[in-house]
Amino acid sequence: MNLGNYTDHAGEWLRGAGPHSDIVISSRVRLARNIAGFPFVGRASQRQRHEVLAICKERIVSDRLAPNILWVDLPQSSALDRQLLVERHLISRQHASASDDAPRAVAVGADETFAIMVNEEDHLRMQVLRSGLQLSEAFDQINRIDDILEDHIDYAYAKRFGYLTACPTNVGTGLRVSVMLHLPALKITGEIDKVRRAARDMHLAVRGLFGEGSEALGDLYQISNQTTLGKCEEEVLADFQNTIVPQIIAYEQQARQALMRHREAEFDDKLWRAWAVLTHARVMGGEEVLSLLSHLRLAVNLGRVNRTDIRTINELFLLTQSAHLQKISGCEMDAPTRRAARARLLRQRLGGNAEQS
Amino acid sequence: MSLESDTILTATPRLPHRGQVLKRKCDRCARPATHHSVEIIKGQKIEKHLCDQHASEEGLAIKSIHTPINELLTNFVKVHSGEEPDRPAGGGVCESCGMTFAKFRKDSVLGCPDCYKAFEQLLSNLLERAHEGGTHHIGKVPRRAGAGEQRQAMLMRMRKQLNAAVVGEDYELAARLRDDINRFEEEPS
Chain A
1 MNLGNYTDHA GEWLRGAGPH SDIVISSRVR LARNIAGFPF VGRASQRQRH EVLAICKERI
61 VSDRLAPNIL WVDLPQSSAL DRQLLVERHL ISRQHASASD DAPRAVAVGA DETFAIMVNE
121 EDHLRMQVLR SGLQLSEAFD QINRIDDILE DHIDYAYAKR FGYLTACPTN VGTGLRVSVM
181 LHLPALKITG EIDKVRRAAR DMHLAVRGLF GEGSEALGDL YQISNQTTLG KCEEEVLADF
241 QNTIVPQIIA YEQQARQALM RHREAEFDDK LWRAWAVLTH ARVMGGEEVL SLLSHLRLAV
301 NLGRVNRTDI RTINELFLLT QSAHLQKISG CEMDAPTRRA ARARLLRQRL GGNAEQS
Chain B
1 MSLESDTILT ATPRLPHRGQ VLKRKCDRCA RPATHHSVEI IKGQKIEKHL CDQHASEEGL
61 AIKSIHTPIN ELLTNFVKVH SGEEPDRPAG GGVCESCGMT FAKFRKDSVL GCPDCYKAFE
121 QLLSNLLERA HEGGTHHIGK VPRRAGAGEQ RQAMLMRMRK QLNAAVVGED YELAARLRDD
181 INRFEEEPS
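Sequence lines, in order, name chains A and B.
Residue numbering for the first sequence follows this note's numbering, beginning at 1 and increasing consecutively.
Residue numbering for the second sequence follows this note's numbering, beginning at 1 and increasing consecutively.
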């Protein structure tokens with residue numbers, strides 16, 4: 001398996017481009033599909049899972065879908081490689097940590113904009129991930145992939161319930177739309193709880209950087225729909241694109257303006273301290289780095305600090321995580337070694353003096 | 001066509017706008033209003049702004065679910081667990097994969113596509129609550145499912161749009177949609 005070139009750059013979704021990329025890190029759409037005639041993954045025998053895997057591989061790894069698709073058999077890959085894929089948001093934690101003999105895989109498009117997990121909770125979980133607010137573009141791409149696969153695969157589908165999924169919370173369209181938002185000012189002003197409450201009232205889920213159960217490290221929040229039955233795809237997308245996301249963006253922008261107006265010195269101090277620590281620390285923890293990078297990202301977006309750019313910061317969110325650090329160094333490292341390597345990488349990438357004491 | 005007699009009720013929790021929705025007080029007490037509804041009766045528009053308690057007294061808050069899905073499943077389990085022993089043997093098992101409803105309640109995942117048929121009645125209530133009242137699919141239809149089903153889904157989408165237009169008081173759009181639906185229904189399938 002060649003994941004080698006995954007260590008020197010981030011995927012397209014962290015490019016820091018696209019509409020509203022100061023606040024919207026990325027847009028993701030996911031479809032859940034199952035093959036008719038097979039039990040869902042949890043109840044399928046080992047033989048049936050192998051069969052599903054073979055059917056999917058044949059249809060996915062073809063030039064009709066996209067050239068140069070990378071197919072990764074997960075039971076055969078190392079724990080570190082699987083962790084790398086989790087950090088790049090190409091597979092779920094659940095998919096990475098399933099038992100060693102569970103037949104499962106992931107197919108990844110050349111620029112990492114799309115990934116298809118096979119035999120996760122559903123036979124097929126396909127996603128498109130793009131930078132900034134690009135939901136309709138992302139949906140068009142995933143819909144095309146779905147159409148191509150559907151030409152040769154009979155999906156489990158029923159008139160009343162739509163696409164049938166293992167968990168009834170996904171049944172219907174099988175569509176999960178989620179946007180990752182950077183909301184540091186709402187966090188600082190304590191107004192983030194209002195957003196959480198409002199989102200819950202609107203039937204939206206709010207999760208952290210790594211989805212289900214993860215904390216909102218680095219002030220990164222993923223907001224996604226929970227309703228998949230009784231609403232069509234376009235309706236869900238339009239809600240996000242025209243209502244939900246613009247409102248949260250406006251709310252974050254107001255909080256940023258308020259901080260600059262009313263607490264300028266204190267606010268600037270916080271931002272410059274983030275820069276100072278990131279460029280001079282000798283040991284750096286995995287959670288600390290996310291919170292400092294969050295403040296630095298805010299500082300650059302507001303033009304308060306201009307010694308680096310958004311793309312570099314976005315990449316550092318990824319490259320400073322454990323599996324990436326170890327892949328970059330080319331060896332496995334214990335926690336203290338990783339903390340030193342993380343600090344070194346930050347000094348290099350942010351242009352601080354790497355080895356000067 | 002007349003929409004005059006239609007009564008439409010919506011209770012939509014909204015994202016707070018600074019100083020607007022948040023500061024609005026309940027019509028009946030001093031608490032902030034969390035439910036906002038517009039009712040149209042014989043062309044008369046009546047707005048209501050209520051807090052959680054008064055909204056539920058008025059029956060407005062029924063559709064607003066604050067419960068995360070896991071809790072929903074667990075509660076659902078509790079409600080139904082009393083009935084299980086009396087259920088006839090066939091009712092709780094999917095004949096295709098052998099999945100039981102009891103096991104589904106424990107794991108929250110079904111065994112196979114046929115489970116939806118086997119447990120259709122038991123699932124309806126849960127689905128409705130998990131999907132904001134949604135009971136039927138109106139989204140994409142696989143091309144292989146045939147033209148008939150695609151027509152059905154299209155019709156349901158159009159009817160939903162019509163309803164939204166009426167709620168939003170866009171009667172011009174509503175009239176146009178009504179005509180579209182009539183035309184669509186008359187087309188040979």
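None of these hints come from the bench; they were simulated from the model.
Remember, predicted model here, so these are calculated numbers, not experimental data.
Certain hints may be false.
Said to hold, decoys possible - Straight-line Cα separation of at most 20 Å, DMTMM-like style, residue types lysine to aspartate or glutamate; simulated pairs:
| # | chain 1 | residue 1 | chain 2 | residue 2 |
| --- | --- | --- | --- | --- |
| 1 | B | LYS48 | A | ASP201 |
| 2 | A | LYS159 | B | GLU120 |
| 3 | A | LYS159 | B | ASP52 |
| 4 | B | LYS160 | A | ASP239 |
| 5 | A | LYS194 | B | ASP52 |
| 6 | B | LYS160 | A | GLU112 |
* Asked: Between LYS194/A and ASP52/B, does the CA-CA distance stay at or below 20 Å?
  -> holds, 16 Å
* To do: Would you check the hint for LYS159/A and GLU120/B, treating anything up to 20 Å between C-alpha atoms as holding?
  => holds, 13 Å
* Asked: Quick one, are LYS160/B and ASP239/A close enough, alpha carbons at most 20 Å?
  -> Holds. LYS160/B to ASP239/A sits at ~15 Å (cutoff 20 Å).
* To do: Assess, step by step, whether the Cα of LYS159/A is no farther than 20 Å from the Cα of ASP52/B, and give holds or violated.
  => violated, 36 Å
* Sort out whether ASP201/A lies within 20 Å of LYS48/B, counting only the CA atoms. => holds, 18 Å
* To do: Assess, step by step, whether the Cα of LYS160/B is no farther than 20 Å from the Cα of GLU112/A, and give holds or violated.
  => violated, 36 Å
Of the numbered hints stated above, those contradicted by the structure are hints 3 and 6, listed in ascending order.
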